[in-house]
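Asks: Residue strings, one per chain:
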Amino acid sequence: MAYSNKVIDHYEHPRNVGSLDKGDASVGTGIVGAPACGDVMKLQIKVENGVITDAKFKTYGCGSAIASSSLVTEWVKGMSVDQAMQIKNSQIAEELSLPPVKIHCSVLAEDAIKAAIRDFQQKQGAPGSEGESKH
Amino acid sequence: MSVDTDPFALFDLPRRHAASRDAIEQRYLELSRAAHPDNVVGEGTAARRAAVERASAVNAAYRVLRDPVLRAEALVKLGGIDLDSTDPERGAPHPTQAFLLEMIDLRERLDDGGPDGVAALRDDVEARCDAALDAAVDALDAGEFRRAAEHLVARRYFQRFLDETDSSAP
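So the protein sequences, as listed, match chains A and B. Okay, so the first sequence: first residue is 1 according to the UniProt record's numbering, each after it adds one. Okay, so the second sequence: first residue is 1 according to the UniProt record's numbering, each after it adds one.
Bound conformation, chain A alone (with noise of 0.2 Å):
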């Protein structure tokens, strides 16, 4: 199965590969598997007056899956919390070409993502997700 040159580029040059600290208040971390194939993603946004300044990630798994994080951790960053929890898996796996056997790679990042919103959310006691945006 070939990879699309996408893919290549963020699995050869991955964006923003590493580690926010997980206990700052204003930083969300979300960490998802893949059971049928045992990746990881640990994914981490840092957010400023309701705005993801910062996004980082590790991946351990497949080159789809690193690309796929890589890929949002770049589209997430100067995004609004809003904004981001309306990212799709589609549009991540139209943007990479992913093939049939590779969405759920894309589904994983779209978790990861999510995950990490809901993460810095509950951190800021708010259910909702306009919680410190509010004046």
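Certain hints may be false.
Said to hold, decoys possible - With beta-carbon atoms standing in for the labels, derived distance ranges:
(1) A:22 - B:15: 37 to 47 Å
(2) A:118 - B:34: 52 to 62 Å
(3) A:24 - B:70: 39 to 49 Å
Calculated from the structure, these hints are not laboratory results. Backbone N, C-alpha and C fix where the C-beta goes; we use that ideal spot for every residue, glycine too.
Please arrange chain B on chain A, whose structure you already have, making use of the hints.
Replies: Same frame as chain A, but now just chain B:
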């Protein structure tokens, strides 16, 4: 393994994990001989195709039955849980956050472990990988498919770690 195949039924073996290697080998020889495409050389296309499909099913079942991990996964599947599916009801059970964190932590320790550290980590994970299969087999013997599936999923994560560290070895 196609959806409706039961490798145990195809080989006339009881649906349990303990299996006699000799019995599997012997049945494989018998079935392969019976299903050999040479038997239908002079016959029509349909009969030849059926023979090829039958031989292929025998080979697929044999591959599953002779491998302790695939055998356990097949039994879980016959029990209603497909580890290759992401379906929330019938698919692979999700591991806990704590377990996933630990899997990431293992990789991070790998990065700053040095060669001795890597070998020690691998030994440790190998032991846990084997223990997970043993635990899954115990659960299968007790008829607890969900518990067996959870151990087999954990085993896949351990296996993944071992595959990664193996391929990154110099």
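Asks: Would you mind marking each hint as holding or not holding in the structure?
Replies: Hints and how they fare:
no., hint, result
1, A:22 - B:15: 37 to 47 Å, "holds (45 Å)"
2, A:118 - B:34: 52 to 62 Å, "holds (57 Å)"
3, A:24 - B:70: 39 to 49 Å, "holds (44 Å)"
This entry satisfies every hint, going by the numbered hints stated previously.
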